[in-house]
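Asks: Sequence:
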Amino acid sequence: MSHVYVLVEHDAGQLNPVTAELITAARPLGVVSAVVVGTPGSAEPLAAELGALGAEQVIDAGAADYDSRLLLPEVDALHALGSANPAPIVISATEYGNEIAGRLAARLASGVLANVIAVNADRTATHLLFGGQLETVAAAGGACPIYTIRAGSVTPVPQAASGAVAPMQLPAATAKDAAVVNFTKAADADRPALSQAKAIVAGGRGVGSEESFGAVVEPLADALSGAVGVTRDVADEGWYDAKYQIGQTGETVSPDLYIGVGVSGAIQHTSGMQSSGTIVAINQDGDEPIFQIADLGVVGDLHEIVPALTEELNSRK
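Counted from 1, the sequence shown has number 295 at position 295 by the numbering used here; the numbering is strictly sequential.
Just to be clear, a hint being listed does not mean it is correct.
As the list claims (entries may be wrong) - Okay, derived cross-link-like pairs now, EDC-like style, lysine to aspartate or glutamate, Cα gap no bigger than 16 Å in a straight line:
1. K176 to E311
2. K198 to D222
3. K317 to D222
4. K198 to D256
5. K243 to E95
6. K243 to D256
7. K243 to D190
Unchecked claim - FRET-style restraints, in silico, Cβ to Cβ:
8. D236 to A121: 38 to 48 Å
9. T126 to D301: 32 to 42 Å
10. A52 to G30: 17 to 27 Å
11. P156 to A186: 37 to 47 Å
I should point out that these hints are in silico values taken from the structure, not numbers from a laboratory.
Ideal placement from N, C-alpha and C gives every residue a C-beta, glycine not left out.
Make the full structure from the sequences, and use the hints.
Replies: Set out below in structure tokens:
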């Protein structure tokens, strides 16, 4: 029976929600082996949840020095698995994941299909091109074709499996490893991450200024217990941190609710949010492209509409 390896995204003993998407996306390729790379025993607290998501096997790929290494433990684990028992490999399309995929492809002499939105049973995969205007299907060669999946492009569908844990000892660091000599954890954010948020309020150039984000956009996001997103223009102007950018050169998101405040709807941005459940556009110019994909459009002064909406939402809590 055919099988597939999925690199599990996890942190501090918790699964990243994108792992459910990866397992669902990989299932057409065969029986799923979820690969947990970390310190020895990292897979144990995750096994039951991974089994419920559809992983028949959970590989506990452990290295005692994992916390002082970067990238290579994941590459070593997947390389060893692919060499011993070749199969497709599915990874999240983050900067980290795409780096792992490239290194792994060189070792396994297999092709990579990066930033895909779906994987098919015949080992082809689907890409969106030109800002989502064109869909194409491509194939990768080699015994272990590698796919990196864009977060938010697959709806997780749990499918109970055994989740049996299999230990795997990874080699210690070599001279090729970059050693982590110091680490400072980023402060926990008050809002959910873009990739995990059920509601996103995105601000565009039409918001007008950096100060307006604190006065208009952030309060609405907080009223919805959601995240703040921005367009590339806003990031380029320095009004908001670029890590919150949505679009071709930013995050791809698929929240239940997306509210665009002062967002024009350029392809650069809409390619990263057009799969959202409900899209609401608030802009004073009713001819902006965002209204063509919006489920609800509100034409008017956002500096009046958004605070009123925020006040109404807060009054109903």
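Asks: Work down the list of hints and note, for each, if the structure agrees.
Replies: Results for each hint:
no. : hint                     : verdict
1   : K176 to E311             : violated (56 Å)
2   : K198 to D222             : holds (12 Å)
3   : K317 to D222             : holds (12 Å)
4   : K198 to D256             : holds (5 Å)
5   : K243 to E95              : holds (12 Å)
6   : K243 to D256             : violated (21 Å)
7   : K243 to D190             : holds (15 Å)
8   : D236 to A121: 38 to 48 Å : holds (42 Å)
9   : T126 to D301: 32 to 42 Å : holds (41 Å)
10  : A52 to G30: 17 to 27 Å   : holds (19 Å)
11  : P156 to A186: 37 to 47 Å : violated (26 Å)
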